[in-house]
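Enquirer: The listed protein sequences correspond, in order, to chains A and B. Take 1 as the starting number for the first sequence in the working numbering and just add one per residue. Take 1 as the starting number for the second sequence in the working numbering and just add one per residue.
No wet-lab data here; the hints were simulated from the structure. All of these numbers come straight from a predicted model, not from anything done at the bench. Ideal Cβ placement from N, Cα and C applies to all residues, glycine included. Be a bit skeptical, because a hint or two may be false.
What the hints assert, rightly or not - Ranges of calculated distance between the beta carbons of each label pair, as one might list FRET restraints:
id	chain 1	residue 1	chain 2	residue 2	range
1	B	Glu72	A	Leu8	52 to 60 Å
2	A	Ala84	B	Pro191	18 to 26 Å
3	A	Glu74	B	Arg146	35 to 43 Å
What the hints assert, rightly or not - So the derived list for chain B, only partly shown, Cβ under 7 Å to chain A, looks like this:
id	residue
4	Ala50
5	Ala65
6	Phe68
7	Ala69
8	Leu124
9	Arg125
10	Ala161
11	Arg162
12	Gly168
13	Gly169
14	Ser172
15	Leu173
16	Asp192
17	Glu195
18	Leu199
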Amino acid sequence: MKPTRPVLPKEFVAARKRRRIMDAIAELSAEQGYEATKIGDIVRRAGVARKTLYDNFEGKEEVFLAAIDSALEETLGQVEEACAAAGDEWSDRLEAGLAALLDNLAEHPAEARMCMIDALSATPASGARYDDALHRFVEMMRRNAPRDTGLPETIEDTLAGGIAWILSQQIRRGEVEQAPDLLPELLEFAISPYRGVGKSVK
Amino acid sequence: MERLPRGRHGLSPEFVARNQRERLITGLTQALDEVGYQKTTVSLIGQRAAVSKSDFYKHFESKDACFFAAYEVAVERVRERVTGACAAVADGPWAMRVREGIVALVMLFAGDPALATITLVEGLRAGPSMYDRYQAAVDSFVPLLREGAPAAPDGARVPAARDEAVVGGIASLLGRRVLAGEAERLDELLPDVLEFALLPYLGASEARRIVSAE
Numbered sequence: 001m002k003p004t005r006p007v008l009p010k011e012f013v014a015a016r017k018r019r020r021i022m023d024a025i026a027e028l029s030a031e032q033g034y035e036a037t038k039i040g041d042i043v044r045r046a047g048v049a050r051k052t053l054y055d056n057f058e059g060k061e062e063v064f065l066a067a068i069d070s071a072l073e074e075t076l077g078q079v080e081e082a083c084a085a086a087g088d089e090w091s092d093r094l095e096a097g098l099a100a101l102l103d104n105l106a107e108h109p110a111e112a113r114m115c116m117i118d119a120l121s122a123t124p125a126s127g128a129r130y131d132d133a134l135h136r137f138v139e140m141m142r143r144n145a146p147r148d149t150g151l152p153e154t155i156e157d158t159l160a161g162g163i164a165w166i167l168s169q170q171i172r173r174g175e176v177e178q179a180p181d182l183l184p185e186l187l188e189f190a191i192s193p194y195r196g197v198g199k200s201v202k
Numbered sequence: 001m002e003r004l005p006r007g008r009h010g011l012s013p014e015f016v017a018r019n020q021r022e023r024l025i026t027g028l029t030q031a032l033d034e035v036g037y038q039k040t041t042v043s044l045i046g047q048r049a050a051v052s053k054s055d056f057y058k059h060f061e062s063k064d065a066c067f068f069a070a071y072e073v074a075v076e077r078v079r080e081r082v083t084g085a086c087a088a089v090a091d092g093p094w095a096m097r098v099r100e101g102i103v104a105l106v107m108l109f110a111g112d113p114a115l116a117t118i119t120l121v122e123g124l125r126a127g128p129s130m131y132d133r134y135q136a137a138v139d140s141f142v143p144l145l146r147e148g149a150p151a152a153p154d155g156a157r158v159p160a161a162r163d164e165a166v167v168g169g170i171a172s173l174l175g176r177r178v179l180a181g182e183a184e185r186l187d188e189l190l191p192d193v194l195e196f197a198l199l200p201y202l203g204a205s206e207a208r209r210i211v212s213a214e
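With the hints as constraints, model all of the structure from the sequences given.
Expert: Here it is as structure tokens:
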């Protein structure tokens with residue numbers, strides 16, 4: 001006996017709804033800010049029942065944090081993958097990772113704004129997510145960079161912070177879709193300090 | 001904070017009002033340093049300033065209004081100090097001006113953690129209405145770095161956003177350390193910050209030489 005319409009597994013439907021709720025808060029906070037976004041707006045945008053939201057999340061902040069975590073994991077994952085695939089030369093890995101980051105931001109403008117702008121001021125916990133993500137990018141750059149360069153220990157902190165600053169301005173100008181155009185100058189900014197100091201730098 | 005004497009004191013109302021306003025601004029700056037923006041309340045500001053809640057509202061219509069005023073005062077202090085330090089060696093080479101400016105910047109923050117907190121941390125976290133001010137404040141330091149800057153070493157291409165990225169990178173490093181509760185130790189970062197600022201313009205060896213000459 002065949003069902004008259006395809007029956008999707010329950011878990012699949014539940015995961016899809018969870019996803020839609022997280023996408024909705026990303027869009028809404030990008031459009032109107034976190035503060036102004038109400039639970040009613042989120043369920044309407046996601047097309048789910050209020051009860052579904054509360055079955056999955058404790059409230060607005062949990063939705064927001066889950067959406068940030070999901071977006072950050074995806075971005076960090078793509079950047080790491082791109083670096084790993086780029087081969088042995090550290091500057092090639094840096095370029096691939098930076099390109100992956102810029103592409104990811106450009107493809108997900110709402111998530112970009114949520115993670116790099118709104119997260120900072122929405123709640124203390126979301127601010128901590130931002131700090132943690134920036135820290136992970138710093139560590140990634142540090143692991144990748146040439147060693148024993150004699151450069152300041154904090155060089156990757158300032159470089160990652162400078163890149164994050166330029167990107168957040170790009171997002172605030174509403175030009176995040178053009179973020180990939182920034183690749184040549186951000187790459188030059190991130191590589192130039194190592195030029196002539198690290199043996200493996202080309 | 002020093003309160004004014006109670007009762008009859010012969011101080012002019014204008015003096016009292018100005019003194020209260022200044023105390024509220026200092027009170028908010030202290031409160032932010034203690035508990036952060038979200039947990040700072042009008043009551044707490046009033047307590048720190050020794051000013052009643054009703055007097056608070058004679059000066060500011062909200063916590064945000066007080067925050068904006070305090071932020072402007074704080075940024076102006078930083079700008080004055082840095083600009084002054086640069087101006088003192090206005091005839092010297094670019095690198096010397098940058099060095100003096102950065103020394104002044106870092107030492108000012110290291111000596112005044114509450115000032116570092118409001119300008120470097122809370123300005124970025126106090127919400128959308130604050131963000132423009134934070135950006136304007138950061139941007140206002142860019143010309144100090146850009147003016148008279150040498151072309152990149154070895155004729156390398158100069159990235160258009162380089163100066164903004166340098167200033168933003170310094171603000172980011174200092175802000176993260178302040179957030180980690182290390183404001184008093186910012187002075188330890190002075191060589192790093194200086195070298196980072198000079199690097200893109202002078203190249204690694206020249207930047208190192210200037211930093212080592214400290």
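Enquirer: Would you mind marking each hint as holding or not holding in the structure?
Expert: We went through each hint and held it up to the structure:
1. A beta carbon spacing of about 56 Å between glutamate 72 (chain B) and leucine 8 (chain A) agrees with the range 52 to 60 Å that was offered as a hint.
2. The beta-carbon spacing between alanine 84 (chain A) and proline 191 (chain B), approximately 34 Å, falls outside the hinted interval of 18 to 26 Å.
3. Between glutamate 74 (chain A) and arginine 146 (chain B) the beta carbons are some 36 Å apart, a value that agrees with the proposed interval 35 to 43 Å.
4. Among the interface hints, the one on alanine 50 (chain B) is violated; its C-beta lies about 28 Å from the nearest C-beta in chain A, farther than the 7 Å criterion.
5. Taking 7 Å as the C-beta contact cut-off toward chain A, the hint placing alanine 65 (chain B) at the interface is violated, the least distance being around 17 Å.
6. The interface hint given for phenylalanine 68 (chain B) is broken, as the beta carbon of that residue sits about 14 Å from the closest beta carbon of chain A, more than 7 Å.
7. Taken as an interface hint, alanine 69 (chain B) does not check out: its beta carbon lies about 19 Å from the nearest beta carbon of chain A, beyond 7 Å.
8. Here the hint on leucine 124 (chain B) is kept, as its CB sits about 6 Å from the closest CB of chain A, short of 7 Å.
9. A least Cβ separation of about 5 Å between arginine 125 (chain B) and chain A falls short of the 7 Å threshold, and the interface hint therefore holds.
10. Because the closest C-beta pair between alanine 161 (chain B) and chain A is about 5 Å apart, less than 7 Å, the hint holds.
11. The interface hint given for arginine 162 (chain B) holds, since its Cβ lies 6 Å from the closest Cβ of chain A, which is under the 7 Å cut-off.
12. With a least beta-carbon distance of about 3 Å to chain A, the hint placing glycine 168 (chain B) at the interface is held under the 7 Å criterion.
13. Among the interface hints, the one on glycine 169 (chain B) holds; its C-beta lies about 3 Å from the nearest C-beta in chain A, closer than the 7 Å criterion.
14. A least Cβ separation of about 2 Å between serine 172 (chain B) and chain A falls short of the 7 Å threshold, and the interface hint therefore holds.
15. About 5 Å separates the beta-carbon of leucine 173 (chain B) from the nearest beta-carbon of chain A, less than 7 Å, and the hint is met.
16. A least Cβ separation of about 4 Å between aspartate 192 (chain B) and chain A falls short of the 7 Å threshold, and the interface hint therefore holds.
17. Satisfaction of the interface hint for glutamate 195 (chain B) is found here, the shortest Cβ-Cβ separation to chain A being roughly 5 Å, below the 7 Å cut-off.
18. For the restraint placing leucine 199 (chain B) at the interface with chain A, the shortest Cβ-Cβ distance is roughly 5 Å, inside the 7 Å limit, so the hint holds.
Checked against the numbered hints given earlier, this structure breaks hints 2, 4, 5, 6, 7; the rest are met.
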